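Visitor: Chain by chain, the residues:
2 protein chains.
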Amino acid sequence: MTSKISWDSLEIADRLHSTAIHLLRKLRREDARTGLNTPRLSALSVIVFAGPIALGQLAAAEQVRPPTMTRIVKALVAMGLATRRRNPEDARSVQIAPTSAGKRLMMRGRERRVRSLAAQVDRLTQHERSTLRQAEAIISRVVTAM
Amino acid sequence: MTSKISWDSLEIADRLHSTAIHLLRKLRREDARTGLNTPRLSALSVIVFAGPIALGQLAAAEQVRPPTMTRIVKALVAMGLATRRRNPEDARSVQIAPTSAGKRLMMRGRERRVRSLAAQVDRLTQHERSTLRQAEAIISRVVTAM
DNA sequence: TCCTTTTATTTAGCTCAGCTAATGAAATAT
DNA sequence: ATATTTCATTAGCTGAGCTAAATAAAAGGA
Numbered sequence: 001m002t003s004k005i006s007w008d009s010l011e012i013a014d015r016l017h018s019t020a021i022h023l024l025r026k027l028r029r030e031d032a033r034t035g036l037n038t039p040r041l042s043a044l045s046v047i048v049f050a051g052p053i054a055l056g057q058l059a060a061a062e063q064v065r066p067p068t069m070t071r072i073v074k075a076l077v078a079m080g081l082a083t084r085r086r087n088p089e090d091a092r093s094v095q096i097a098p099t100s101a102g103k104r105l106m107m108r109g110r111e112r113r114v115r116s117l118a119a120q121v122d123r124l125t126q127h128e129r130s131t132l133r134q135a136e137a138i139i140s141r142v143v144t145a146m
Numbered sequence: 001m002t003s004k005i006s007w008d009s010l011e012i013a014d015r016l017h018s019t020a021i022h023l024l025r026k027l028r029r030e031d032a033r034t035g036l037n038t039p040r041l042s043a044l045s046v047i048v049f050a051g052p053i054a055l056g057q058l059a060a061a062e063q064v065r066p067p068t069m070t071r072i073v074k075a076l077v078a079m080g081l082a083t084r085r086r087n088p089e090d091a092r093s094v095q096i097a098p099t100s101a102g103k104r105l106m107m108r109g110r111e112r113r114v115r116s117l118a119a120q121v122d123r124l125t126q127h128e129r130s131t132l133r134q135a136e137a138i139i140s141r142v143v144t145a146m
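Residue numbers (our numbering), protein chains in the order written: chain Y, 1 to 146; chain Z, 1 to 146.
Don't take each hint at face value.
What the simulated footprint calls covered on chain Y by chain Z, stretch by stretch (three residues with Cβ under 8 Å from a Cβ of chain Z suffice, anywhere in the stretch; the number is not a length) [claimed, not checked]:
{"id": "1", "stretch": "21-28"}
{"id": "2", "stretch": "55-65"}
{"id": "3", "stretch": "119-130"}
If you're looking for bench data, these hints aren't it; they were derived computationally from the structure. Here the structure is a predicted model, which means the values were calculated and not measured. Cβ coordinates follow ideal geometry from the N, Cα and C atoms, glycine included.
All chains should be modelled from the sequences, with the hints used to inform the complete structure.
Guide: Right, dumping it as structure tokens:
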């Protein structure tokens with residue numbers, strides 16, 4: 001199973017991997033101060049923007065297994081940021097929706113969370129920011145395809 | 001403390017954050033099959049390329065606290081991939097070095113670990129790969145500056 | 001209708017990553 | 001000599017991620 005992948009691609013993949021690890025670890029340190037940690041914020045973001053959504057779909061969107069998402073949602077509900085209710089159409093599934101507090105927190109708080117990164121991005125040239133934007137779009141596509 | 005950061009930068013930061021989360025979660029799933037998980041592989045990489053290194057420096061390089069690194073190193077040593085020895089110059093500190101098995105695993109295994117990502121990168125155009133490379137370099141710089 | 005199968009979620013139980021606080025031990029400064 | 005600082009470890013916590021098994025509802029077939 002050694003389908004030949006160019007060394008160029010392997011190196012890029014490796015660097016992206018490593019950089020993603022370090023970026024998230026740095027951001028995680030800042031997260032500690034705020035109320036919401038990374039997985040919860042990320043899930044809340046999907047809940048807010050994808051409206052009421054089934055737990056399974058949410059787990060898929062977040063690239064985690066359903067039991068993992070069950071726990072994250074449980075925490076969000078306990079914090080008053082999301083609600084769960086049975087789907088009347090299909091009582092097996094559960095619909096997760098944001099509360100108004102959840103929406104508010106996303107709109108105001110999300111920016112604050114990535115502020116340390118944003119502050120650095122803000123110091124880049126317009127051209128560099130454009131490169132980041134394009135790269136993000138490419139990676140996003142690539143991850144979906146994996 | 002609302003130092004004004006452009007909305008453009010905030011959005012880029014936010015997207016990068018989100019994409020990094022999803023990329024790592026996807027890769028983590030593949031990692032499960034191989035022997036080494038993400039933090040261990042990442043640490044081993046530094047150990048291999050930065051030669052014998054003190055535990056504290058390794059923790060700093062990896063953006064984690066010393067106790068976290070103590071455990072990661074412990075696991076690597078147990079797997080025969082790294083060694084620890086007291087620094088003769090300063091008996092408080094511990095030097096971590098790769099074993100030949102550790103080096104071998106890095107050289108051969110690291111590529112395999114990011115293979116699923118690399119396979120996707122390999123299907124991109126030359127121009128897209130170039131964008132990824134540039135973006136990675138920018139992010140890497142930015143993370144260091146944070 | 002009743003039984004089986006499939007689908008959605010949860011529970012239980014595990015590994016491991018990350019943190020802080022406290023401790024031990026060596027180096028350095030007073 | 002004593003006190004302070006520095007490097008690493010231990011202890012103890014929270015929480016993310018997984019799989020396997022249990023629960024519950026929907027769908028389909030005899």
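Visitor: Now tell me, hint by hint, if it's right for this structure.
Guide: The hints, checked one at a time:
{"no.": "1", "hint": "21-28", "in the structure": "holds (count 7)"}
{"no.": "2", "hint": "55-65", "in the structure": "holds (count 3)"}
{"no.": "3", "hint": "119-130", "in the structure": "holds (count 7)"}
Violated hints: none; the structure is consistent with every hint.
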